[in-house]
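Student: Residue 0 is where the sequence shown starts when you use numbering that gives the first Met the number 0, and the numbers rise one by one after that.
By construction, these hints were calculated from the structure, which means they are not laboratory data. It cannot be assumed that every hint is accurate.
The calculated label-pair distances, taken between Cβ atoms and stated as ranges, are [claimed, not checked]: (1) 70 - 192: 36 to 46 Å; (2) 46 - 110: 36 to 46 Å; (3) 89 - 29: 19 to 29 Å; (4) 176 - 72: 34 to 44 Å; (5) 178 - 210: 30 to 40 Å; (6) 75 - 156: 36 to 46 Å; (7) 197 - 169: 29 to 39 Å; (8) 70 - 167: 14 to 24 Å; (9) 91 - 66: 29 to 39 Å.
Keep in mind that this is a model prediction, so the values were computed, not measured. Idealized CB from N, CA, C, for every residue including glycine.
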Amino acid sequence: MIDGLTAMMRGRENAWWERYRGKVPDGFLDVSELEDSARAIRTLQTAQLPGLFQTEAHARALFNLTDPPLSRLEVDLRVDHRLSRQAVIAEGTMPYVGLVHEAALRMRVGGRQEARRQIDSVLEASHRGNVALLVIPFSVGEFPMMGISLMYAEGQTRQLDTAHMDSPAGAIFMDDPGSLARYRRRLDTVEKLALTPSKSRDLIRAIGREM
């Protein structure tokens with residue numbers, strides 16, 4: 000555990016996200032740091048696509064919905080930060096499992112044309128060797144943690160595992176063993192309900208054709 004903490008502290012000194020310090024909410028930077036230090040990540044998204052898969056146009060459309068409205072500079076900074084985060088899976092070394100509900104894939108964020116581009120981008124990302132994108136189809140019905148946006152980051156040791164959830168009040172980070180064990184069990188359950196990577200891609204392609 001000491002070695003893991005030492006490595007994390009060393010990496011913070013020149014971390015890429017520090018250039019956004021004071022320009023985007025601190026919670027954004029905490030998420031970046033969590034992703035960067037993880038040895039593996041699992042996410043669950045039911046209403047939105049994972050930020051690590053979002054195109055620039057998709058992210059911009061979402062940030063433009065913020066209330067109260069953000070300035071153009073604030074939107075630009077948040078979009079740029081979100082796109083920079085995607086390097087963590089683009090590098091191809093960290094295992095990533097993304098559980099995404101069919102509803103999130105069908106939302107036409109930014110209009111029909113941009114939504115189709117987003118689907119193509121998700122499909123491309125799903126072919127990465129370190130990425131498993133698993134779709135939860137409507138046919139599943141109810142499932143654990145419906146409506147929750149969750150990221151479970153495995154640390155270099157189990158003691159460094161952290162769960163992150165978005166809420167109307169802001170980001171929530173949890174590291175107590177009891178909560179983490181529950182989230183692992185629930186993610187395992189949802190993963191069993193989701194389609195296989197191959198069948199997930201088939202459904203994503205079908206959704207793209209319908210747009």
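Student: How does the Cβ-Cβ distance of residue 178 and residue 210 compare with 30 to 40 Å: does it lie in that range?
Tutor: Given about 38 Å between the Cβ atoms, the range holds.
Student: Taking the CB of residue 176 and the CB of residue 72, does the distance hold inside 34 to 44 Å?
Tutor: 42 Å, holds
Student: Honestly, do residue 75 and residue 156 meet the 36 to 46 Å range at C-beta?
Tutor: 38 Å, holds
Student: Between residue 70 and residue 167, does the beta-carbon spacing fit 14 to 24 Å?
Tutor: 22 Å, holds
Student: Does 29 to 39 Å hold as the CB distance between residue 91 and residue 66, or does it fail?
Tutor: Once the Cβ atoms are compared, 37 Å apart, the range 29 to 39 Å for residue 66 and residue 91 holds.
Student: Could you check the hint for me, namely that residue 46 and residue 110 are 36 to 46 Å apart, CB to CB?
Tutor: This hint is violated: roughly 18 Å between Cβ atoms.
Student: Taking 19 to 29 Å as the stated bounds, is the beta-carbon spacing between residue 89 and residue 29 within them?
Tutor: Hint holds: Cβ distance 21 Å, inside 19 to 29 Å.
Student: Taking the beta carbons of residue 70 and residue 192, is their distance inside 36 to 46 Å?
Tutor: Holds: the Cβ-Cβ distance is about 41 Å, inside 36 to 46 Å.
Student: Does 29 to 39 Å hold as the CB distance between residue 197 and residue 169, or does it fail?
Tutor: 37 Å, holds
Violated hints amount to a single one, hint 2; each of the other numbered hints is respected by the structure.
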